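Residue numbers (my numbering), protein chains in the order written: chain F, 1 to 372; chain A, 1 to 392.
Be aware that a few hints might be false.
No farther apart than 20 Å at their CA atoms in a straight line, the calculated lysine to aspartate or glutamate pairs in the DMTMM-like style are these [said to hold, decoys possible]: (1) A:46 / F:104; (2) A:202 / F:89; (3) F:260 / F:286; (4) A:46 / F:282; (5) F:47 / A:111; (6) A:114 / F:263; (7) A:114 / F:371; (8) A:43 / A:284; (9) A:43 / F:134; (10) A:227 / F:371; (11) F:47 / A:27; (12) F:47 / A:154; (13) A:46 / A:132; (14) A:114 / F:282; (15) A:114 / A:209; (16) F:131 / A:27; (17) A:43 / F:282; (18) A:114 / F:298; (19) A:114 / F:24; (20) F:47 / A:124.
Since the hints were made in silico from the structure, they are not lab data. Every value quoted in this text rests on a predicted model; they were computed, and no experiment measured them.
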Amino acid sequence: MRENQHLEPARKKSPWSIMTAVTDYFAWPLRTSHYLELVNPLWTTHKLQARVVDVWDETKDARTITLRPGLNWRGHRAGQHIRVGIPVDGMHYTRTYTISSPPERDDDCITITVKAIAHGTISHHIVRNIKVGDYLPIGLPQGEFYLPDAQPVLPLFITAGSGITPAISMLRSLIAQGRLPNTEHIHYAPHEFDVVLGKDLKAMAEQHKRYNLHLIYTREQNEQRNNRFSAEQLTQLCPDWKQRDIYACGPPSLLEALEKCFEEAGCGRQLHIERFRAAFTEIPTDAVGGRVKFGRSDVAVDADSTTPLLRVAEENGMNPPHGCRMGICHTCNTTLVSGCVRDLRTGKVLNEVGSIVQTCICAAAGDCELDL
Amino acid sequence: MNSHSLPVNLTDEQIEEFGSELDAIRDEVFDSRGERDRAYILKVIKTQRTMAVTSRLAIYLSLFFLPAWGHPFASWTISLSIMGAGAFFLGIAKILENMEIAHNVLHGQWDWMKDPEIQSNTWEWDTMSPSDRWMHSHNVVHHTWTNVVGRDLDVGYGIMRVTPLQEWTPRFLLQPIYFILLMLFFEEGVALHEQTIDDHLKGKKTFADVKPLLRRIGYKVWRQVAKDYIAWPLAAALVAVPISFFFPFPPLLVFALVAGANAVANVIRNIWAFMIIFCGHFPDDVHNFTEAQVEGETRARWYLRQMLGSANIEGGKLFHVLSGNLSHQIEHHLFPDMCSNRYPEVAPRVRALAARYGVPYNSASLTRQFGTTWLNNLRMAFPGGKVQGATA
Chain F
1 MRENQHLEPA RKKSPWSIMT AVTDYFAWPL RTSHYLELVN PLWTTHKLQA RVVDVWDETK
61 DARTITLRPG LNWRGHRAGQ HIRVGIPVDG MHYTRTYTIS SPPERDDDCI TITVKAIAHG
121 TISHHIVRNI KVGDYLPIGL PQGEFYLPDA QPVLPLFITA GSGITPAISM LRSLIAQGRL
181 PNTEHIHYAP HEFDVVLGKD LKAMAEQHKR YNLHLIYTRE QNEQRNNRFS AEQLTQLCPD
241 WKQRDIYACG PPSLLEALEK CFEEAGCGRQ LHIERFRAAF TEIPTDAVGG RVKFGRSDVA
301 VDADSTTPLL RVAEENGMNP PHGCRMGICH TCNTTLVSGC VRDLRTGKVL NEVGSIVQTC
361 ICAAAGDCEL DL
Chain A
1 MNSHSLPVNL TDEQIEEFGS ELDAIRDEVF DSRGERDRAY ILKVIKTQRT MAVTSRLAIY
61 LSLFFLPAWG HPFASWTISL SIMGAGAFFL GIAKILENME IAHNVLHGQW DWMKDPEIQS
121 NTWEWDTMSP SDRWMHSHNV VHHTWTNVVG RDLDVGYGIM RVTPLQEWTP RFLLQPIYFI
181 LLMLFFEEGV ALHEQTIDDH LKGKKTFADV KPLLRRIGYK VWRQVAKDYI AWPLAAALVA
241 VPISFFFPFP PLLVFALVAG ANAVANVIRN IWAFMIIFCG HFPDDVHNFT EAQVEGETRA
301 RWYLRQMLGS ANIEGGKLFH VLSGNLSHQI EHHLFPDMCS NRYPEVAPRV RALAARYGVP
361 YNSASLTRQF GTTWLNNLRM AFPGGKVQGA TA
């Protein structure tokens with residue numbers, strides 16, 4: 001399955017496209033859009049860009065960036081994410097971030113909230129270096145993690161860390177539409193001082209009687225409770241959880257525990273999950289990595305059986321094409337020249353020469369060579 | 001031990017050492033690429049596009065100063081001065097686009113950034129040659145077989161004799177004329193500069209073999225012509241139609257003036273590109289090679305051949321940018337995929353290295369390099385001639 005962006009865009013004959021087809025004769029071999037970009041980078045049609053209009057530090061290592069997307073933007077649904085292109089040291093990287101603002105915002109801007117993760121060069125760069133006035137290439141909204149548009153829901157949000165972002169977008173959207181139902185929200189954070197968007201959550205809980213927020217600090221010294229997620233804790237905080245639709249986003253350990261809990265209760269259907277990372281299966285303990293060769297770049301390194309090949313390549317100074325880094329967008333596809341790799345999501349081994357390898361979710365399973 | 005037949009006084013081991021020193025320079029520069037390089041190419045691209053569109057608008061502006069308008073500033077002198085400036089800067093914009101931007105992007109010099117907008121496999125340039133075709137005949141054929149007679153189609157471009165290693169035939173008597181014609185129509189020449197077409201002309205391939213290629217080139221040529229000689233002049237002429245009811249402002253004249261200004265811009269670019277490119281491999285003291293000499297060539301010997309087969313032009317910073325840094329032809333041939341803004345930095349190091357190993361480093365003024373290229377062209381029109389260096 002290839003994503004739409006890889007296909008030729010459908011030819012629609014709008015008056016605008018007819019006009020640009022004519023003006024493109026003046027701009028050849030560029031397009032009219034390349035010259036419009038000189039006037040205002042937000043007017044481009046050959047790529048979508050957004051202007052950074054505001055940066056706001058949420059906590060010591062999380063920052064909310066307000067973006068004004070270009071004219072070709074298509075409104076998002078609360079909970080969806082976008083791909084953002086970021087130049088770091090001259091190189092172009094792509095990362096996926098959830099939009100934390102509701103689609104109902106009047107000024108047509110969107111916000112993303114980024115937390116600098118340990119050893120994450122890109123997230124650090126965004127949190128520290130992006131400034132107002134920068135232009136960033138972005139993608140259109142994607143993702144299936146959103147609330148039903150019309151039918152009523154009784155939501156229970158379970159979020160942790162920066163997993164708050166899709167939930168807050170949904171909450172803000174429901175409030176803006178004036179149809180906030182009775183909502184329960186359990187949010188996990190290490191300490192009180194580093195709750196991403198914590199102020200907004202508390203303000204929301206104060207203003208809206210139907211929104212019940214339960215903030216749980218997992219590393220605060222004086223906390224007495226068992227602070228990790230458990231079925232008992234859930235029942236205690238939200239007795240009617242079996243009647244609710246659960247929207248959950250957070251680190252893999254939380255989502256795994258949730259899946260198990262709901263599976264056992266027989267209501268797995270009500271659980272909606274958004275992952276930051278692809279869910280990887282258990283890799284057999286006897287699995288071995290091997291020598292990975294990137295043929296075209298003339299790089300050969302030893303890799304273990306759990307590190308995605310994309311990471312292996314990047315750690316060795318390469319910058320192969322990539323997009324979502326979670327096996328969705330297929331930007332990182334390459335072909336297997338020889339050897340054996342493992343799909344970390346399914347645990348399946350790929351060893352047929354010429355098969356397509358998604359480097360972001362595949363690791364070495366013995367020696368292998370890739371066409372990168 | 002000395003198994004090579006290259007015109008240098010170095011042993012095999014010394015050549016390999018020379019090669020690994022060049023590798024070290026290359027690695028050092030490649031590892032240090034970063035934000036400032038990206039800023040450089042983005043700035044050049046933005047400047048070039050702004051210059052191109054401003055120049056074209058200046059050409060339009062000049063039409064409002066034609067004597068027909070009758071206002072105090074309306075005169076041929078003012079009108080043609082503005083138009084001339086527009087044509088000149090449009091020529092400069094085309095030079096920047098073709099040489100400092102496209103030539104280098106198409107070499108993959110900027111691929112490391114992974115910027116989807118600046119990639120060798122998607123860039124199309126403002127000249128009649130389709131960029132992917134050119135990448136093959138230039139990057140693959142010319143840069144691999146640099147100056148190897150019989151393999152590198154750029155040795156005389158299939159129409160000229162530039163070294164005595166090429167056999168003389170009477171058709172070369174006319175080459176001083178080809179020289180001028182190619183200078184004026186360099187863009188068209190580059191578009192038709194293809195091994196396949198050469199093979200067809202020599203009877204090795206049928207017309208049917210060449211047809212798909214000609215169709216591809218034809219489409220590119222059509223879009224180039226449509227832009228410079230139809231779209232821009234026609235838009236001006238259409239505006240002139242209603243005006244011509246009130247002023248003696250003939251649309252046909254307007255069309256011809258704009259098309260003429262664009263033609264001047266294209267010819268300025270043609271002459272400049274021709275001069276810089278011919279200075280790269282055809283001045284005095286540049287070596288050519290036989291196929292036997294490159295048999296079983298190592299990477300180090302390839303480096304050495306690139307150095308012996310290329311020539312630099314000396315000049316200021318602006319001159320280097322306008323030559324697409326091909327004034328550092330030696331560095332470009334040693335490191336064809338190094339981003340061009342780094343050539344001026346590595347040039348002194350390469351030159352010092354060459355001096356240390358006693359390898360000739362051909363660098364001189366534009367006058368000397370182009371002058372000897374031209375004189376050499378005249379000499380080679382006739383039989384005989386001396387082979388450069390100690391090759392023979």
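Are any of the numbered hints broken by this structure? If so, which, sorted upward? Result: hints 1, 2, 3, 4, 6, 8, 10, 11, 12, 13, 14, 15, 16, 17 and 19 break, sorted rising.
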